[in-house]
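S.K.: What follows is the residue order along each chain.
There are 2 protein chains.
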Amino acid sequence: MGHKITVFKLLDADVLDSDVFQKAITHRSMGKKNNERLEFLGDSVLGLVISDFLFEYFPNAKEGELSRFRSHLVRGTTLSEIAAESHLGDYLNLGEGELKSGGFRRESIMEDALEAIIGAVYTIKGFDYARSYILSLFGERLNNLPDPELLKDPKSRLQEWLQSEGRPVPSYRVLDISGDAHQQKFLTECRIESLDIVTQAEGSSRRKAEQSAAEKALNIVLRH
Amino acid sequence: MGHKITVFKLLDADVLDSDVFQKAITHRSMGKKNNERLEFLGDSVLGLVISDFLFEYFPNAKEGELSRFRSHLVRGTTLSEIAAESHLGDYLNLGEGELKSGGFRRESIMEDALEAIIGAVYTIKGFDYARSYILSLFGERLNNLPDPELLKDPKSRLQEWLQSEGRPVPSYRVLDISGDAHQQKFLTECRIESLDIVTQAEGSSRRKAEQSAAEKALNIVLRH
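Which chain is which? The protein sequence lines are A and B, in order. Under this note's numbering, the residue at position 167 of the first sequence is numbered 169, and the numbers go up by one with no gaps. Under this note's numbering, the residue at position 86 of the second sequence is numbered 88, and the numbers go up by one with no gaps.
Since the hints were derived computationally from the structure, they do not count as laboratory data. Quick caveat, the model's predicted, so the values are computed rather than measured. Be aware that a few hints might be false.
[What the hints assert, rightly or not] Keeping only pairs whose Cα atoms sit at most 20 Å apart, straight-line, the calculated EDC-like set for lysine to aspartate or glutamate is:
| # | chain 1 | residue 1 | chain 2 | residue 2 |
| --- | --- | --- | --- | --- |
| 1 | A | K34 | B | E58 |
| 2 | B | K127 | A | D130 |
| 3 | B | K35 | A | E58 |
| 4 | A | K218 | A | E167 |
Please take these sequences and the hints and turn them into a complete structure.
M.R.: The following block contains the structure:
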């Protein structure tokens, strides 16, 4: 096994040489001894370490903002990015079929494996070591977090901005629905009467179309 | 503050006398200095401690079973039960209006406060202390966990039982929908052709009605 990639090189030899670690890099396509249980554990370890970090890093952020950050860091593409940068996929024990799978499927396998590695590190070395490991893995990503405000969805941000200006909330309307029953397209409009702004956007659901229309409106109001 | 209730008496004086602890027992109805951020943190601490416990306690359980247990212990009524047994509500700093609220609302306030207390304990004393605290709080509850199998929903259990017997899966059918648009009642049937079993059940959604019908069928097949 190559120990040169980031995901591995941060770990001591006793971790890397352990059976638990071997299990952590073994996908269920290889049989019963696989990383699913360790992934369950690692997911919780990661959740706490990130929550703890955010709690300290943003002493004034509200609970809702902290939650959005955690989702962004934990559930988002962050884990698969870290895994991909390390070419973790090259080191996993995967069944034939899985080796060939690409795209989203492959990303999710790598993400799961990274969580399982975190779980293995925790069982062998305890919480503090696992914490340092995770913080090192995330590295610069944790020092360049966006403004909590930006993680909100556009509709919420638009509404809050308007309210802070003492203006009425925008109205949304579906203008057109096209396409087959299972592949519908929604065209919606976002209207801010008091500012004479009307934007339109399409989306695969009403909600998505509304969010896009709100984003367009937000870009207009924030540029003025 | 009374230190005699379980939730408090397990904690050292330095925790109980701290500002952070005071914050943890203060509901947002009392103003800006409240327990919401600590609740965010405590939720993750609790998640990891319970995951870790389950991982060790059920060495053969699959990931899905562990997840169901965690939900059962963490999101369920368990926390509010623990809070209620301790009369935690009597010790919380709550606004006038909230003091009077009863039922579900009150339960959720107590549950949140308990999570915030866990968060406070973690920030002051670290992970290992918080872990012992949580395990003591849960106490006997962790030694009397039900068979993981029982936490599955009835439809899954019925299907798995039938498959283990080499029989075809059951079929479900909506027999009747009644009531207004927003208060519909569904009457469904669960039919196991190969065993000549037909059950019916009502529910506020198709899914719920099907689960009830499956449960009835399950009770029949398991008694034979």
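S.K.: Give a verdict on every hint.
M.R.: Verification of the hints:
| no. | hint | verdict |
| --- | --- | --- |
| 1 | A:K34 / B:E58 | holds, 18 Å |
| 2 | B:K127 / A:D130 | holds, 13 Å |
| 3 | B:K35 / A:E58 | holds, 16 Å |
| 4 | A:K218 / A:E167 | holds, 18 Å |
The structure is consistent with each of the numbered hints, conforming to all of them.
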